[in-house]
Structures are given as structure tokens and as C-alpha cells.
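Start from chain S and add chain H according to the hints.
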Amino acid sequence: MFEQLSQRLSESVRRLRGQGRLTEDNIKDTLREVRMALLEADVALPVVRAFIERVRERALGREVIGSLTPGQALIGVVREELEAALGERNEALDLRARPPVVIMLAGLQGAGKTTTAAKLARYLQEREKKSVMMVSVDVQRPAAIDQLETLAGQVEARFFRGQADQPVAIAREALSQAQRAYVDVLIVDTAGRLAVDEAMMQEAAEIHEAVSPTETLFVVDSMTGQDAANTAAAFNEKLALTGVILTKTDGDARGGAALSVRHVTGKPIKFLGIGEKIDALEPYHPDRVASRLLGMGDVLSLVEEAERSVDQGEAERLARNVSKGKGLTLEDLRDQMLQMKKLGGMGSLLDKLPGMGKLGAAAGQVDDKQIDHTIAIINSMTPRERRKPDLIRASRKRRIAAGSGTRVQDVNRLLKQHMQMQKMMKKMGKGKGGMQQMMRQLQGRMQ
Amino acid sequence: MNDASAPTGLMGRLRQGLGRTRNKLQEGLGQLFSGGPVQLDDELSELLEDQLLMADVGVETTTRLMRRLREILPGEAAEDSQAVIDGLAQAVEEILTPCEMPLEPVADKPPYVVLVVGINGSGKTTTIGKLARRLRDEGRSVMLAAGDTFRAAAVEQLQIWGQRNEIPVIAQHAGADSAAVIHDAFAAARARGTDVLIADTAGRLHTQDNLMEELRKIRRVLQRQDPAAPHEVLLVLDAGTGQNALNQAREFHQAVGVSGIALTKLDGTARGGIVLTIADQLGIPLRFIGIGEKAEDLRVFNAHDFARALLASAREEAQA
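Quick mapping for you: the protein sequence lines, in order, are chains S and H.
Reminder that position 77 of the first sequence reads as 77 in the working numbering, one-by-one numbering, no gaps.
So the number in the working numbering is just where the residue sits in the second sequence, counting from 1, plus 1000.
There's no promise every hint is true.
[Unchecked claim] Think about it this way: if two alpha-carbon atoms lie no more than 27 Å apart in a straight line, the pair counts; the simulated DSS-like pairs of lysine-lysine are:
#1 S:Lys129 / S:Lys277
#2 H:Lys1217 / H:Lys1109
#3 S:Lys388 / S:Lys369
#4 S:Lys397 / S:Lys423
#5 S:Lys397 / S:Lys369
#6 S:Lys277 / H:Lys1217
#7 H:Lys1294 / S:Lys238
#8 S:Lys369 / H:Lys1294
#9 S:Lys388 / S:Lys416
[As the list claims (entries may be wrong)] Heads up, incomplete: computed chain S residues facing chain H, CB under 10 Å, no partners named:
#10 Met36
#11 Ala111
#12 Gly112
#13 Pro142
#14 Gln154
#15 Arg158
#16 Gln177
#17 Gln226
#18 Ala228
#19 Gly243
#20 Thr247
#21 Pro268
#22 Gly275
Hint data in this document are derived by calculation from the structure and do not stem from the laboratory.
Ideal placement from N, C-alpha and C gives every residue a C-beta, glycine not left out.
Okay, chain S solo, but in the shape it has when bound (with noise of 0.2 Å):
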């Protein structure tokens, strides 16, 4: 979602380059187009003031320090205040009181409050290890308590359904009976509301008062416009919000709620919703999200995503066979790409890779069905052809073409792309290193 804002940006600060010295006319120019970069991604217009005129008082202040250029200095300064204004660290939940710690969710119609709070029940229970009870107070939209109670289903975890017919009361039962069944964290969902809509907002008030949560958090649709800032400043005089959940960050908008939510209520953004699935939520890492606006990509989370997910054992016989020239074989490929599937698929992969901002977009368009054939085919071989692709002939390409329900063509394109693969990664291989290597040189490529 911040490519097309990582793109702006970018370019605005190009412009400075190779210019001697910061005057107060050329920085005028770069921050009208920061200016309009941030109200394109829809950061609300007050939180866009304020930001452009810290960064005109910081950079008209400083001196160009040594060997840097003009642009770079300014592009440190706004870089400083975008991280400032989007948080200094990951905050994470506190999940430190007596259980059962409760986590209420709030926000709009719509924000994705039921799936979210499923994705952090699934994450609370894997990387935390909590036990972990779930609730829903919406008894206005037909079906939600169903919605939740599938989903509390789906990941495992436990699902109180109220007697009572009044979301107070319903939370105060699931509290006493999370307490009485000793779990560790009370999810508690509620129906959607408009910040203008005062009966509402005040019910909001009633469950948190009687619920008393540990983190109460603001879900908030990451593509929101201006009035992302009107609605998170409602929610946060009416219910002290804790911490604020980012979702459908896996679209392409560019995210500017994020900013204004941040500035209005100052509270952390705690997750990001990346997806449709239901392990799509992520820890918000504000440095990162900072430097992606700015298109330096975000290698770290893309390092710690491939730790947690891909086998190490895998990897590292892989990166042996490489860099002893050994090469690829065919079975090498299905596994790299049944782990590329892990990772969440190609498109959210090169989102990651510095500089991949503009290719992201086309990238993307290799979808992950292309991956599910290649793979199929590759199945549909016998072992020894995996190793020995050259014995794959006309007859034996048109058996694995019909047993993976592909084409002909599909089997040589396959082929071909694999020989080639073949042969960068035997050129790779000389270098000494492995995978880590193979990492760095991708990287050195990209930027």
C-alpha cells in the first residue's frame, strides 16, 4: 500500500539532487510536492500542516553537515519526522496484567474489527502462547455473532456466546466466565458505530467501563480518507484508546490514515492486517514503514518473515548444492516455491525488496496460480526426469502435460526458465556465502 507514496516522495527528493545548497525557495518546491504526496495517500490536511512545517523549521535550521548533498540532509530530516510522527518503536500488546487480559476492539462499520480480531486470537495463541476467549457484543448486524463464533472456529480458540440480549451485559458474562475458565486473553468484539452517532458511542463507553480493558484498540481501514482524523479523535476522547490495527494494508492504497490516526490520538499502531487469510496480521514496525515511504524498502521484515516460515534445514542444503555448482534441480524449485507460498506468495515478497516499489505492480501480476502450475508439473514428473530434465522429450512432455492438466508449452516454458535459473545460479555459486550472498547481490541489484 505505500509504493505509490514511496514513488512521490522519491521523486520530489530527486529533484534536490545535485543542487548545491538548501535555500529557502528550492526546499519550498520539494515540500509543496511532500505536501501534495501526502494529501494524495489521504493523510488528513491539519496533520499534513503540521508535519510540512516541523520539516521546514528542522531543515532551514540545519546545516549541511561533510560529505552529505543537500538532498540527502533534507531527505534525513523528513525521514526523522515521518518515523517521529509514525511512532519510535514497535509497541507491543501488554499482555502483562492478571488474566484474563482483555482487548477490546472498536471502530467503524466495516474497518474489518470481527476478522481482525480472530487474526490477533490465531497470533496471541501461536506466537505468544496464550489461551485465548472470544466474544461479540454486536447484536445490531444480523449474523455477526455467527460471523465470529466460524471464525473463533477456524483458529481454535475458544468462543463465549452471551444468554443476555444487551452487549453490556454480555461482555460483563464473558468476563466472569474467562475468569472462571482461567484463560489468558478476553477478545472482545464490537458492533460497528459512528462517531457521530452519541447512543452508540456512549454503549462503547458502558462495555469498556465494564469490561475494563487492558488494550482497548482502534481498527481503522487503511484506506480511509480525511475523515480517518475525525473518527480516531471520537474513539479516542470516548474509550482511551490503547493502540490503533491497520488493516487491509494488503490493497494499494497508500496508507496515509496511518499518519493521521497516529498524530490525532499520538497512540501506537500495534498490527496491520495483510490479507484476506486468516495468519494475515502483522507486528507494526514504525522505522520500517518509514523508510518504505521512503523507498528504501523494507528488507528487515522480509528477513524475519523467511526466518519464522521457510524450513532451515531446506534452505541451507539448498545454498550447499549452489554454491558447490551442483545447481538446481527441478525438485529444488518446487520446494523454493512451496516455501515462496508460505511467504505469502510473489507479490508480497517483492513488496519487501528495496527499490521493487514499481515492479511490485507488475510483479504482482504473477499471481500465485502460476506457481500452483509450476508446480503440478513439476509433480507430475518422475524423480529421476526431476533431476535429469534433459531426458524430458516430446512423449514424456506430453504425459507431464496432461497428468498436470497443462499444456505442452507450459512443460518447455518450465524447462526453459529452469536451464536459465540453472545458469545464474551457477554463476552466483562461484562467490563464496550461500544464500546470504545470493541475498546481498539481490540487493545490491535492486537499489
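For chain H alone, coordinates are given in the frame of chain S:
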């Protein structure tokens, strides 16, 4: 900036009638310009620009509107603040009027099929409910197809709503093929001679190629049953959405040919100014606006009223 005590949203003012809205407008800008002639200078331009930007109109369209305002009011000063508001409202209306095209759900051979699409949480199912009630109250027979087979309990949501309102809902189990559900619903609607079939679909981000492909499939399947179907592809947009709404409209339009837009959730503090850019760049008809929870809160889009409400609301926002 925030004003939680404001009793009504943008469209709340619409509800109170245009006369009232005009008064509010005059009040708002009147205070600002303190009556009498108004200098059309940079300061005023910036003020008006800010209001448009804060209504999510976007930088490009705002610039265009300001240029147009200068054509409408070429002098150095305007007669009074009302002339400025009228000028700007005229510029807004010029963009919106070509898209003011109400839905006319009449098919040569029933059912008239409305395929409802949009991203997650935009308000599709709620809009379907209100639309169904509206059409039924107009004396048409309506059937619903529970095509959102992905989101947990989406089928139940539609079924419960159908029961309450005595409108038949054709559904299968969760996880069923959406195209198959809608195919069956079409067959049922045709057999029963139902006037209008409204088909729900799962919310999807416009960036998800495989899910957009699924929409194309639904369209193909319907076309095989009736070459004229779906007669309407209605994109449901959340008025709170920022500039990304343009991408949404463009991508859905490319995938399945959007023929109408319903702008929802205008009962909050969001103003929905992004529809100007959409109208300007894509020319998709604006069918409905959603201004509340009740069935009658789904209103036929009116360019004149919308333009004035947009500016009135932006005005108050700037003041608060």
C-alpha cells in the same frame, strides 16, 4: 477538528431539506467573509481548496475545480460570499450532473439482474437489503442470491434479513461456488417470473487478481443464461474511502464493467468527495447514496443536492 457533537452527517443535512442547507451554508461562509464583496485572492483560494481537500476531493480535481471557479467568477472580487459558494457548487455540479442517472430496473425478459460488487466492508450486504426493500415497495418482486460464500456467516446474514423482510433468498452452504449460487438463483428467478434478482458477492480487494477473475466468471455464467445479464453491476463504495476509491472503481470497472455506483455511509463525518474524481475520470453513473440504517436511507443520487451538501459540510469542518 473533531466534532462529535454534530448532530448529523453530511446527508443528515440533505434530509433536513435544501432550504435549510442553504441557510447553513450562508451562515458558515458568511461568518468567514463577514458579508459584502469578497476578494478573490490567494487567501480565499487556499481556504476553498482546503475545504475540498478535506472532503476527499483530491489534489487534481481540486485544482481543476478552482480553475473552473475562476472562469465562472473572472473578476477580482465577487458580489458576496454566496456568489462564491454558488460558483464553486456550480463547478462541482458540472462534474456530477452527467453521472446523475437513476437505476431503472426493467428488463425485456425478467429478471433484471443487479450484481453487487465491492471491497470488504464497503457495505454491500446492507445496501442490498435497503435496495431490495426499496424495489419491493415500488411494487416489484425481488429475489436475492447469497453469492458471498466466503466470509463467515455472510449467507446467514442475508438469510436472516430475507426472513425478516419476506424476500426470498437463494443460498447454498458456505464455501460453495459463488457463480453456481448466482446461476441457480437466476434460474429460480426466471422460473418464478421475479422482476429483479440482486446478487451479493464476497468483498474483495481490487488488487487480488484471482478474486477479480472469479467476478469475471460470475459475469460470464450470467451472460450465458441471458446475454443482457447482469443488467447492472453496482459498485458499493464506502464514503470514508480516500483517494484509493478511484483505483477501486477503475479496477472493478476493468474487470466486470461497473455500470453504477452506490456511495454508502454518508451518515458519518465522511463526505465522499472522491466520487467527483471518479465521475470526472471514469464517468460511471452514480445511482444511490446511503445515509443511514433504515431502508428509506438509500437515496437516489442528486447532483445538485450533493454538491451543496459537500461544500456545506466541508465548511463546517474547517470551522470546527
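> Which of the numbered hints above does this structure break?
Replying inline: 8, 15, 16, 19, 21
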